[in-house]
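Colleague: Chain residues, written in single-letter form:
There are 2 protein chains.
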Amino acid sequence: MKARRATISDVAREAGVAASTASVVFSGRMPVSDATRQRVLDAAQRLGYTGPDPRAASLRRGRSGIVAVVLEERLGVAFSDPVMTLQMDGLTEGVARVGAGVLLLRDDPDAPGEPSLTTAPLDAAVLVGCNARTRESLEILRARDVPVVVIEGDGGPGVPQIRLDNREAQRQLASHLAGLGHRRVAIVTLGTTAERRPGWLDAEAERDIRVEVAADRLAGARDVFPDAPAYAAGASLIDEGLAAGRAILAASGERPTAVIAQSDLLAAGVIRAAEEAGLRVPDDLSVTGFDGVVVDGLAPYALTTAVQPAVEKGRAAGDAVAAMLDGSTAASLLFTCTFREGNTTSAPRG
Amino acid sequence: MKARRATISDVAREAGVAASTASVVFSGRMPVSDATRQRVLDAAQRLGYTGPDPRAASLRRGRSGIVAVVLEERLGVAFSDPVMTLQMDGLTEGVARVGAGVLLLRDDPDAPGEPSLTTAPLDAAVLVGCNARTRESLEILRARDVPVVVIEGDGGPGVPQIRLDNREAQRQLASHLAGLGHRRVAIVTLGTTAERRPGWLDAEAERDIRVEVAADRLAGARDVFPDAPAYAAGASLIDEGLAAGRAILAASGERPTAVIAQSDLLAAGVIRAAEEAGLRVPDDLSVTGFDGVVVDGLAPYALTTAVQPAVEKGRAAGDAVAAMLDGSTAASLLFTCTFREGNTTSAPRG
DNA sequence: TTGTACGCGTTATCAA
DNA sequence: TTGATAACGCGTACAA
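Respectively, the protein sequence lines represent chains A and B. Quick note: the first sequence uses the working numbering, first residue 1, plus one each step. Quick note: the second sequence uses the working numbering, first residue 1, plus one each step.
Think of the hints as simulated: they come from the structure by calculation, not from any bench. Note that the structure is a prediction, hence the values are computed from the model and not measured. Note that the Cβ used here is the ideal one computed from N, Cα and C, for glycine as well. Certain hints may be false.
So the derived label-pair ranges between C-beta atoms look like this [what the hints assert, rightly or not]:
#1 B:G327 - A:G158: 38 to 48 Å
#2 A:G327 - B:L47: 19 to 29 Å
#3 B:R133 - A:A251: 45 to 55 Å
#4 A:T118 - B:R4: 16 to 26 Å
#5 A:A56 - B:A203: 23 to 33 Å
#6 B:D223 - A:P300: 36 to 46 Å
#7 A:D208 - B:S20: 51 to 61 Å
#8 A:G156 - B:L47: 40 to 50 Å
#9 A:M30 - B:R210: 40 to 50 Å
#10 A:A251 - B:P226: 46 to 56 Å
#11 A:S252 - B:A178: 42 to 52 Å
#12 B:P226 - A:P300: 33 to 43 Å
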């Protein structure tokens with residue numbers, strides 16, 4: 001036999017009811033008598049019918065149950081950032097409440113044959129970050145009338161944003177250091193652009209920072225230490241923080257008594273660099289992080305850091321998506337970090 | 001106006017051609033005269049039509065362009081494993097060749113409202129790992145006639161598997177240590193079950209290991225060091241390796257001269273434990289890892305390890321999926337690790 | 001509570 | 001090279 005899959009009409013016929021009745025049995029959207037339900041279920045079992053075909057259902061309903069997450073980078077890179085991972089956790093949870101799942105998409109237009117924003121059956125999309133490509137993606141989605149939410153970026157009018165008070169939180173950390181008596185402070189920033197190599201930021205380079213998160217956090221630090229030298233790391237990694245820390249500690253002039261790192265991973269690297277140089281943290285060098293993630297292998301240090309509600313951010317994005325799918329309009333949200341004092345900051349010695 | 005979205009028939013009418021012709025213009029599956037193509041494209045532009053509705057297309061074609069990846073854990077946990085991340089990279093790449101994207105799904109049946117294997121419009125699914133839940137998932141997918149590929153697990157007859165020569169690779173590492181002259185060796189295994197707490201494995205617990213990867217690697221080590229004591233870590237994390245390392249170094253009896261860790265992260269932790277105890281690696285203690293991933297923050301150590309082709313594994317899974325969707329049958333694949341000598345192993349001192 | 005009728009937006013097939 | 005037609009499998013008003 002040619003083994004055509006059973007459809008809901010087959011089941012209905014087998015059960016001796018109308019197709020619509022069978023449909024209702026599976027969707028549960030209307031009351032059905034127990035007897036009928038059982039007949040339908042039995043028939044389905046006999047025919048090996050496992051439920052409505054999602055493809056047909058999604059055409060009929062106009063919903064596919066799929067929310068795309070558009071990433072700027074390869075998965076491997078994107079998910080090496082613990083904050084991203086946590087956000088995805090929250091997002092998954094958030095969209096699950098509308099019965100949706102998360103489809104991973106790269107915003108790489110020159111990838112031929114790849115599933116794209118134009119060809120995937122999306123109900124909505126979440127963009128993370130914001131760059132030139134993101135803007136293209138936004139155009140496409142707008143043309144398709146697909147609801148969009150942006151995390152840490154600007155999607156333009158009508159696009160809900162999920163953001164963090166990066167500047168304020170970083171200022172708080174800087175104030176903490178100032179309050180402890182630190183005056184000579186160095187800053188390690190996140191990667192500032194894709195092309196740029198790690199290194200000291202001069203005034204011009206600093207104005208040129210395209211990565212909003214980096215710029216905002218830098219501004220927060222500058223609110224307290226306007227003249228602190230800043231070193232741009234290549235990425236948010238321990239190894240990059242180590243390199244930055246080495247550069248900072250090797251620089252001529254008086255050694256800083258504290259380093260403000262724009263991420264916990266960078267901070268961990270800076271601590272390594274300090275240890276390597278024979279300095280004690282926090283006695284000889286205070287270090288602050290950002291994010292409040294668990295840095296595997298950093299114990300016994302507990303970073304003084306700004307804890308960002310990453311999971312909540314993701315969940316909020318999911319909720320926003322849910323709201324837009326419901327037809328209501330989702331509001332933008334600004335999340336607040338929590339200052340957490342660890343054992344990596346203290347008054348400068350002497 | 002109620003702003004109904006333009007359909008392909010609208011475009012066809014506007015362009016003065018048949019709907020089927022317009023369809024061909026967008027799919028490019030048949031030759032169309034340039035003049036006609038241009039008329040259709042212009043009409044589309046005028047109407048703000050951005051291309052065929054993926055939902056309708058997927059019903060008609062019987063393909064949604066979506067491959068599900070079924071994970072056992074929360075995303076945050078799953079992606080904290082660098083090997084998983086790399087595999088996902090390869091998988092994404094592999095399935096992209098059939099124009100498909102990756103949908104993240106948890107195999108959590110008690111999550112209500114969540115999109116599931118039954119309700120998502122999948123063309124195929126990739127299972128990672130293998131546990132009780134996985135078997136359920138397999139059942140569902142088989143009933144739905146959805147092609148499945150399993151990575152590091154057994155999907156039963158007819159289900160292509162992507163595997164690693166864990167035992168052989170681990171044996172090779174162990175032999176390397178034996179060749180260097182090591183006789184007293186301890187083993188740190190991956191987490192062996194969800195419930196089990198970290199701790200020494202007795203013979204019974206060892207027989208009970210459900211996680212195949214852990215069991216296979218352990219067997220490989222045992223091929224060379226039948227009596228080496230084994231400590232099961234709680235998870236593949238530096239911190240867990242640290243804990244294991246402490247336990248091993250604190251144990252009574254003669255201290256081992258080498259530790260075989262079942263992952264690079266665990267190995268990194270063991271190295272930390274050694275440093276903490278004032279031991280030098282590799283002089284006082286040799287340590288081997290497994291996976292060959294980049295462990296952020298481990299420099300200047302370069303682990304002696306077995307490099308597994310994680311990206312290739314993922315890509316192979318993607319290719320297998322592609323093949324099955326093409327109607328051909330995909331073969332199971334066994335990947336081989338490459339021994340890589342770093343600076344964490346040497347002859348035992350004295 | 002059940003059944004009837006229709007359309008969701010495409011695309012494959014075949015004939016012209 | 002183009003056009004007409006018929007599914008694809010389902011959900012939902014509406015009437016019975």
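Colleague: For each hint, tell me whether it holds in the structure or not.
Modeller: Evaluation of the provided hints:
no., hint, in the structure
1, B:G327 - A:G158: 38 to 48 Å, "45 Å, holds"
2, A:G327 - B:L47: 19 to 29 Å, "24 Å, holds"
3, B:R133 - A:A251: 45 to 55 Å, "54 Å, holds"
4, A:T118 - B:R4: 16 to 26 Å, "20 Å, holds"
5, A:A56 - B:A203: 23 to 33 Å, "55 Å, violated"
6, B:D223 - A:P300: 36 to 46 Å, "37 Å, holds"
7, A:D208 - B:S20: 51 to 61 Å, "52 Å, holds"
8, A:G156 - B:L47: 40 to 50 Å, "23 Å, violated"
9, A:M30 - B:R210: 40 to 50 Å, "44 Å, holds"
10, A:A251 - B:P226: 46 to 56 Å, "55 Å, holds"
11, A:S252 - B:A178: 42 to 52 Å, "51 Å, holds"
12, B:P226 - A:P300: 33 to 43 Å, "36 Å, holds"
When held up to the earlier numbered hints, the structure conflicts with 5 and 8 and fits the remainder.
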